[in-house]
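Fit chains B, C and D to the known structure of chain A by using the hints.
Chains as they are written, first to last, in the working numbering: chain A, 1 to 269; chain B, 1 to 269; chain C, 1 to 269; chain D, 1 to 269.
If you are wondering where the hints come from, they were derived from the structure by calculation, not from laboratory data.
All the given hints hold, so there is nothing to weed out.
Given that identical chains are not distinguished, each listed pair holds provided it fits within a single copy or across any two copies.
In the EDC-like style, the derived pairs of lysine to aspartate or glutamate whose C-alpha atoms are separated by at most 16 Å in a straight line are:
| no. | residue 1 | residue 2 |
| --- | --- | --- |
| 1 | Lys141 | Asp212 |
| 2 | Lys141 | Glu73 |
| 3 | Lys141 | Asp214 |
Here is what each chain is made of, one letter per residue.
Protein chains: 4
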Amino acid sequence: MTALHGFLPPLTPRGTSALVPNLPWYYSGTLLTVEYLTDPANVRAILPDDIELAPDRPGAVAIIWADWQSCSEGGLELLDPIRSQYLEAFVVVRCSYQGEVYSRCVAIWVTKDFAMGRGWFQGYPKKLGSVHVTRIFSRGKASPRLEAGARLGASLAAYDHRLASALVTLREPSEGNGFVNGHRMLHNRFMPSISQGQGLSMDQLIAMGGVDADLGQAWRGDAELSLADSPWDELHSILPVDEILGGYYREVGVTFAGGDLIADRSRTV
Amino acid sequence: MTALHGFLPPLTPRGTSALVPNLPWYYSGTLLTVEYLTDPANVRAILPDDIELAPDRPGAVAIIWADWQSCSEGGLELLDPIRSQYLEAFVVVRCSYQGEVYSRCVAIWVTKDFAMGRGWFQGYPKKLGSVHVTRIFSRGKASPRLEAGARLGASLAAYDHRLASALVTLREPSEGNGFVNGHRMLHNRFMPSISQGQGLSMDQLIAMGGVDADLGQAWRGDAELSLADSPWDELHSILPVDEILGGYYREVGVTFAGGDLIADRSRTV
Amino acid sequence: MTALHGFLPPLTPRGTSALVPNLPWYYSGTLLTVEYLTDPANVRAILPDDIELAPDRPGAVAIIWADWQSCSEGGLELLDPIRSQYLEAFVVVRCSYQGEVYSRCVAIWVTKDFAMGRGWFQGYPKKLGSVHVTRIFSRGKASPRLEAGARLGASLAAYDHRLASALVTLREPSEGNGFVNGHRMLHNRFMPSISQGQGLSMDQLIAMGGVDADLGQAWRGDAELSLADSPWDELHSILPVDEILGGYYREVGVTFAGGDLIADRSRTV
Amino acid sequence: MTALHGFLPPLTPRGTSALVPNLPWYYSGTLLTVEYLTDPANVRAILPDDIELAPDRPGAVAIIWADWQSCSEGGLELLDPIRSQYLEAFVVVRCSYQGEVYSRCVAIWVTKDFAMGRGWFQGYPKKLGSVHVTRIFSRGKASPRLEAGARLGASLAAYDHRLASALVTLREPSEGNGFVNGHRMLHNRFMPSISQGQGLSMDQLIAMGGVDADLGQAWRGDAELSLADSPWDELHSILPVDEILGGYYREVGVTFAGGDLIADRSRTV
Numbered sequence: 001m002t003a004l005h006g007f008l009p010p011l012t013p014r015g016t017s018a019l020v021p022n023l024p025w026y027y028s029g030t031l032l033t034v035e036y037l038t039d040p041a042n043v044r045a046i047l048p049d050d051i052e053l054a055p056d057r058p059g060a061v062a063i064i065w066a067d068w069q070s071c072s073e074g075g076l077e078l079l080d081p082i083r084s085q086y087l088e089a090f091v092v093v094r095c096s097y098q099g100e101v102y103s104r105c106v107a108i109w110v111t112k113d114f115a116m117g118r119g120w121f122q123g124y125p126k127k128l129g130s131v132h133v134t135r136i137f138s139r140g141k142a143s144p145r146l147e148a149g150a151r152l153g154a155s156l157a158a159y160d161h162r163l164a165s166a167l168v169t170l171r172e173p174s175e176g177n178g179f180v181n182g183h184r185m186l187h188n189r190f191m192p193s194i195s196q197g198q199g200l201s202m203d204q205l206i207a208m209g210g211v212d213a214d215l216g217q218a219w220r221g222d223a224e225l226s227l228a229d230s231p232w233d234e235l236h237s238i239l240p241v242d243e244i245l246g247g248y249y250r251e252v253g254v255t256f257a258g259g260d261l262i263a264d265r266s267r268t269v
Numbered sequence: 001m002t003a004l005h006g007f008l009p010p011l012t013p014r015g016t017s018a019l020v021p022n023l024p025w026y027y028s029g030t031l032l033t034v035e036y037l038t039d040p041a042n043v044r045a046i047l048p049d050d051i052e053l054a055p056d057r058p059g060a061v062a063i064i065w066a067d068w069q070s071c072s073e074g075g076l077e078l079l080d081p082i083r084s085q086y087l088e089a090f091v092v093v094r095c096s097y098q099g100e101v102y103s104r105c106v107a108i109w110v111t112k113d114f115a116m117g118r119g120w121f122q123g124y125p126k127k128l129g130s131v132h133v134t135r136i137f138s139r140g141k142a143s144p145r146l147e148a149g150a151r152l153g154a155s156l157a158a159y160d161h162r163l164a165s166a167l168v169t170l171r172e173p174s175e176g177n178g179f180v181n182g183h184r185m186l187h188n189r190f191m192p193s194i195s196q197g198q199g200l201s202m203d204q205l206i207a208m209g210g211v212d213a214d215l216g217q218a219w220r221g222d223a224e225l226s227l228a229d230s231p232w233d234e235l236h237s238i239l240p241v242d243e244i245l246g247g248y249y250r251e252v253g254v255t256f257a258g259g260d261l262i263a264d265r266s267r268t269v
Numbered sequence: 001m002t003a004l005h006g007f008l009p010p011l012t013p014r015g016t017s018a019l020v021p022n023l024p025w026y027y028s029g030t031l032l033t034v035e036y037l038t039d040p041a042n043v044r045a046i047l048p049d050d051i052e053l054a055p056d057r058p059g060a061v062a063i064i065w066a067d068w069q070s071c072s073e074g075g076l077e078l079l080d081p082i083r084s085q086y087l088e089a090f091v092v093v094r095c096s097y098q099g100e101v102y103s104r105c106v107a108i109w110v111t112k113d114f115a116m117g118r119g120w121f122q123g124y125p126k127k128l129g130s131v132h133v134t135r136i137f138s139r140g141k142a143s144p145r146l147e148a149g150a151r152l153g154a155s156l157a158a159y160d161h162r163l164a165s166a167l168v169t170l171r172e173p174s175e176g177n178g179f180v181n182g183h184r185m186l187h188n189r190f191m192p193s194i195s196q197g198q199g200l201s202m203d204q205l206i207a208m209g210g211v212d213a214d215l216g217q218a219w220r221g222d223a224e225l226s227l228a229d230s231p232w233d234e235l236h237s238i239l240p241v242d243e244i245l246g247g248y249y250r251e252v253g254v255t256f257a258g259g260d261l262i263a264d265r266s267r268t269v
Numbered sequence: 001m002t003a004l005h006g007f008l009p010p011l012t013p014r015g016t017s018a019l020v021p022n023l024p025w026y027y028s029g030t031l032l033t034v035e036y037l038t039d040p041a042n043v044r045a046i047l048p049d050d051i052e053l054a055p056d057r058p059g060a061v062a063i064i065w066a067d068w069q070s071c072s073e074g075g076l077e078l079l080d081p082i083r084s085q086y087l088e089a090f091v092v093v094r095c096s097y098q099g100e101v102y103s104r105c106v107a108i109w110v111t112k113d114f115a116m117g118r119g120w121f122q123g124y125p126k127k128l129g130s131v132h133v134t135r136i137f138s139r140g141k142a143s144p145r146l147e148a149g150a151r152l153g154a155s156l157a158a159y160d161h162r163l164a165s166a167l168v169t170l171r172e173p174s175e176g177n178g179f180v181n182g183h184r185m186l187h188n189r190f191m192p193s194i195s196q197g198q199g200l201s202m203d204q205l206i207a208m209g210g211v212d213a214d215l216g217q218a219w220r221g222d223a224e225l226s227l228a229d230s231p232w233d234e235l236h237s238i239l240p241v242d243e244i245l246g247g248y249y250r251e252v253g254v255t256f257a258g259g260d261l262i263a264d265r266s267r268t269v
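The following block holds chain A by itself, in its conformation from the complex (with noise of 0.2 Å):
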């Protein structure tokens, strides 16, 4: 009898149909970071109450504006280039946890299934959205340069409603791209049991991050960023702008490899 293959639905007996093949996965591209703060109380108000917040600057922000090339081994998808590229823009907090400063995505919208498909093993809160940002060329007069003075600009909009649109000036090589994305990720992985009303059947609380970073050059510099809500998003009103800390790109390469599940409330529902 012919198994059925597959990393996540749907499997068939080739696994080839498969949303998302087997780990590792390899991500290429650009980072494009705006940190800011807000009152301690609205990232509170959004980690679960087993998780704390972070000890150091609890109220930071960092919504980031991500350009990738991914794949998996072998790298079939980087020859049908549809299957490959997506964009993703999401908003980071820090957090504690059992003594433990970690980083955690609560909310995040990308261009395309695959990605979707991968945040849900991962635990990132994906949703579809119409993700941009400027790119950086070395010809011609429709782009900047990475240089001094380089603007760049970033969309986010989703169900046809702008949620976020910001605009990076870079000002000189920096260390880092920020600090609020520097920790391993903690996320909660949940499904409802599919009997309405009886809890959930799924609900671990893992931790993940990248291996084998290849990080560009950082450059760092000013900021502006503009949030909304719509009736199907919040990120204005969850997460609102107190102040700009500044803005960040950076070019990275990153691989997923899975990663180590916490705690495990799951029932059998």
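Quick look at chains B, C and D alone, frame taken from chain A:
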């Protein structure tokens, strides 16, 4: 301390951001169905080991194009229709488990993220696709009427590869709109462990189906169907067409209010 | 030698590739209309110098959401419905030229390239947009019915900026579905010289309208309308809402078979 | 009285809404090119009667994938990058007119409406398509590097039909990135009369090309190319591949500032 709300991620204090709202979910739309026979060995190969072929016509397959408007309690989605409307194309076979015959969706493509999220909950192996089906208007020369001779086209593509094209010519009113998608659905819900190679954290077999069906007059007719594969999707190769059984069209309304857990092999990994 | 064929570019020996096929063009669909008053000075400002305000209610504006299926002779498009279906949202005012009252489209967004091409031919100033309008199905709980109290939403966005949102609540059957879009259209067709700063090569004033109207029962009701601008589109700023006149819904069919040249100032540049 | 402004429709008092802003237009991006030979009779058949085959290698064809960022004077588009970025795939042949050799675009698909509008002005026969090409990043494992052995994929689809797929394997730096798209473009600009059957109102032959070319290092290599037709697009059938000549990659910048009228047969119809 604020509690977090939402049926599926992301969770927020008010729950507005959730990809999918609470049950029940309401659907109004049309179904264009093509039923055909494939070698029963093909159906056997796409079923998990512990699920058996249906005893009667085990090689029957339905591919269905649904053109939906949907909402949750209160109907807010209907007022911002981009959040309410979507299309899906899905492939259904029948199977048997512990003596009961079920329908089972083995492939499905949808056009919106909320529909993907509902599928993850219901065990539909959803991916994004581009789905189109001819509509029946009552005025003008750019539409068939709901009458004998009406010709309805349909298409499915994913990652810019055309996977299916269909043409149904209606012949006469009929009792129903096919038999393959006529049972409760038997689906697997699973999630791999976040730790590479550790197997499945969630591993459930569930049954579900719609309630409160509000059925329009069904029509049946002749059908043509062309299936293809792509590097990312198997359709022709897993369930090739041996013989077309017929085509159907029907306007329908239905409500989804949950299902039942049949078996659970979830593990703490 | 092979001749080249096609109504609009590209031309090929068989003409299959043409963006738009030969006239006539057939349309079946629905129209959701909101009519309102703006200061007549706003309408005056959006008209060319040689076109005057309509004598009666010169500040009347209609914004219309159309949900179309369309095809050319033979109806091949209907069998590959992605090539047949599109939506558009457009803004119409009235005007007067040489003593005759016309309607005139001053802004329009469509969802497909063939609709853009038809607009270039007809003098509609078409751009791409994301257009959605609530549909009326006959079954299930996720749809209004065509009856008093039905609520229909509509939205328009371009470049991820929401430009218009509307809500129409139907109250009663009515004679017609508004008066602003009720005359022949008076449009300009122009093309700048390929040489910079040389003015217009084509510069025509044309009149056109549909024929063979096949009209469903119109309904009228109350309406809400919210307009906005973006960096790329003016809508609120050019035709702001002073007073809502009403909302309408109607299923319609129509044929377009060409129009008439009214004036021609084209030059050889 | 307010004047109306805008390069292409719609015109408004401030001109902000125009589909395309004033010249000049700036471009920064990458070009992936595959050059091949078809039977010269195929090229002859796609040229108007009064344009002749190029004397040298008349059957040469280039298909080019361009990944662009573009803007007008002031660069406002770069700060809302959804308005600046687009891709296009286009097919170029060479031809001869009054003793001069030109390049000529015979088919082109773009991803944004402003690019369609520019094409109408320039005589490019633009349609919308879905266009993808592998990008070259400097970091991580999900990207080729600009070096021998790099493999770059590309795809083109329209109306959910895959029309072209290409794979270029870079071998070495080269002087240029092909010869087929190396001349000024000779294009027709035409518009049928609004009155059915009256011929063309605008009927121009124009020449144009970019200026201020800012060229990166070109690379050449091997190429594979697969072309197809759909009910709406001819590509394989009009210019089938007899022999692949090679593939190229180059980063480029260019400015478009207008062209020259070569012949004008416009009529007042």
